[in-house]
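Novice: Kindly produce the complete structure, drawing on both the sequences and the hints.
Residue numbers (our numbering), protein chains in the order written: chain A, 629 to 927; chain B, 195 to 408.
Don't read these hints as lab results, they were simulated from the structure.
Positions of the beta carbon are idealized from the N, C-alpha and C atoms, including for glycine.
What you were told as hints is all true, and nothing was included just to trick you.
Restricting the straight-line Cα-Cα distance to at most 27 Å, the calculated cross-link-like pairs of lysine-lysine (DSSO-like) are:
id : chain 1 : residue 1 : chain 2 : residue 2
1  : B       : LYS312    : A       : LYS765
2  : B       : LYS397    : B       : LYS273
3  : B       : LYS312    : A       : LYS783
4  : B       : LYS273    : A       : LYS691
5  : B       : LYS245    : B       : LYS275
6  : A       : LYS837    : A       : LYS761
7  : A       : LYS761    : B       : LYS312
8  : A       : LYS691    : B       : LYS312
9  : B       : LYS312    : A       : LYS685
Incomplete in silico selection of chain B near chain A, CB under 7 Å:
id : residue
10 : GLU313
11 : ILE321
12 : GLY324
13 : ALA325
14 : GLY328
15 : PHE340
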Amino acid sequence: MIFEQVFNMINVGLVILDEDLFVCHWNRWMELHSGIQAENIIGSPIFKFFPNLDNPKFLRNCKSVFKFGNFSFFSQKLHHYLFPFKPDSTFGSEFNHMQQSCTMGPLRDESNVISNIYLAVQDVTEIAAYERKLVEKNMQDGLTGVYNRRFLDTKIQEEFSRHKSYHRPFSLIMCDIDLFKNVNDTYGHQCGDVVIKQIATKIESMLRKTDFLARYGGEEFCCLLPEANLEAACNLAERLRQAIEEEEVNFDGQTLKITVSFGVAYMHDGVENAETLLQMADEALYVAKKSGRNRVAAA
Amino acid sequence: MSVAAEQTLSADEQDILQELMNIAFGRASADLAEVIDTYVVLNVPEVRTLKVDDLPEFISTEISEHDIISIVEQSYLGKFKGVALLIFPSGAGRELLNLFGDSNEDYGEDVSMASLEKESLMEVANILIGACVGKVVELLDDEVSFSPPRIIIEDHPRNAIPCEIFEPDSLATVMRTVFQFSERNISGYFFLINSNESFQWLKKALNLFMEQYE
Numbered sequence: 629m630i631f632e633q634v635f636n637m638i639n640v641g642l643v644i645l646d647e648d649l650f651v652c653h654w655n656r657w658m659e660l661h662s663g664i665q666a667e668n669i670i671g672s673p674i675f676k677f678f679p680n681l682d683n684p685k686f687l688r689n690c691k692s693v694f695k696f697g698n699f700s701f702f703s704q705k706l707h708h709y710l711f712p713f714k715p716d717s718t719f720g721s722e723f724n725h726m727q728q729s730c731t732m733g734p735l736r737d738e739s740n741v742i743s744n745i746y747l748a749v750q751d752v753t754e755i756a757a758y759e760r761k762l763v764e765k766n767m768q769d770g771l772t773g774v775y776n777r778r779f780l781d782t783k784i785q786e787e788f789s790r791h792k793s794y795h796r797p798f799s800l801i802m803c804d805i806d807l808f809k810n811v812n813d814t815y816g817h818q819c820g821d822v823v824i825k826q827i828a829t830k831i832e833s834m835l836r837k838t839d840f841l842a843r844y845g846g847e848e849f850c851c852l853l854p855e856a857n858l859e860a861a862c863n864l865a866e867r868l869r870q871a872i873e874e875e876e877v878n879f880d881g882q883t884l885k886i887t888v889s890f891g892v893a894y895m896h897d898g899v900e901n902a903e904t905l906l907q908m909a910d911e912a913l914y915v916a917k918k919s920g921r922n923r924v925a926a927a
Numbered sequence: 195m196s197v198a199a200e201q202t203l204s205a206d207e208q209d210i211l212q213e214l215m216n217i218a219f220g221r222a223s224a225d226l227a228e229v230i231d232t233y234v235v236l237n238v239p240e241v242r243t244l245k246v247d248d249l250p251e252f253i254s255t256e257i258s259e260h261d262i263i264s265i266v267e268q269s270y271l272g273k274f275k276g277v278a279l280l281i282f283p284s285g286a287g288r289e290l291l292n293l294f295g296d297s298n299e300d301y302g303e304d305v306s307m308a309s310l311e312k313e314s315l316m317e318v319a320n321i322l323i324g325a326c327v328g329k330v331v332e333l334l335d336d337e338v339s340f341s342p343p344r345i346i347i348e349d350h351p352r353n354a355i356p357c358e359i360f361e362p363d364s365l366a367t368v369m370r371t372v373f374q375f376s377e378r379n380i381s382g383y384f385f386l387i388n389s390n391e392s393f394q395w396l397k398k399a400l401n402l403f404m405e406q407y408e
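Specialist: Here it is as structure tokens:
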């Protein structure tokens, strides 16, 4: 009697299935979130109401629990959910479905034979939402919204390994806003921020979806271009240079003209590691600066 | 009886445990074929009693031919109690994903290849550990619960051994075997590190197990 009350009062979805995966019990939590009353689903195969569960992994894990009496875990990270329910809280607005962490385990009869399995469904939407925000914040530059240095460092390592394994080309463009110190000194740091944001937006709008733009330092950006050879990267850098040259930045009733210098480096077999590639792009940038700024130089 | 004798298994008891595991793994192997449609060869297990402090080095030596490894760890909790470790050489995740991945399933954009591989490792480890431990405790007339599997990827094994769950200076029964997925290039090591706390019970259970044959 008391156990039955707990079964229905607990803030966790509980389902009990028999060996043919027919529903034997369906608690109140499941009724509330699925809109399916226990009396309507008990006695039916679970797949009749949830055809999405009829997949090899779910079946494999049911078999395993019946055979070995172990537990199976369906993580939110990979599966997001087992039962497609609507998100419950305001945190769920960014998810189409309630995010669930589910466990499956054995239930034995009087003679100790596994006769049923249970499924416990936990709503982890709020945790998943926080995690997603944290992951985004960890990759993003606060001012411009483009990727940050930390993300770029990891991404360059990934691209480097991909190059080592599959010999796919990739290039880097280092971009540095010319005479940025003058902007800050003349118009103030708020203006400097506006310039940085606008340049980032401009560059990002001209990249392919597969490219990555990161804020590398104060007024320095880095574009990582997978699958781009040196020629393609230089062409892009030149287009970026022209576009920014033509752009006007408006701040506090004044109009500023900004230019950017570019250093391009290309990954080839002679480059030993990712750091060397960054250094090559940096050196090319230095050449562009030395030879008068507002230009593109290649390593 | 001295303290040491209480804490270790006698030679006979070790033999019984080894034989029992052999039976259990045979059964696990047969049932695994049904569950995952692949035959998993589980070699004859080896049983040893080791000091907990020596565990990391023992495991490192055992797997020294592999530089990069993935380790999945899962605790089991019953009268039979301890930690199971499955050690895969690097690249096994990809192989397992090919074997068990559901190509029709859409995992969404935010799920990377690396996390799919990790999930495959954990799923397979969960089933393998569940099968092996499940069959062992069945023969010992016990039932166990399992913690969710955890993965420690490409890490030095020393960091992966959760020594803190054992009392320092205590002894652990280590059961080790090599498993191999037939017709697939997937193999690895399986360690059961049984906690000291269950020694007394294990001794009794092993003797009870033997009585059936005497």
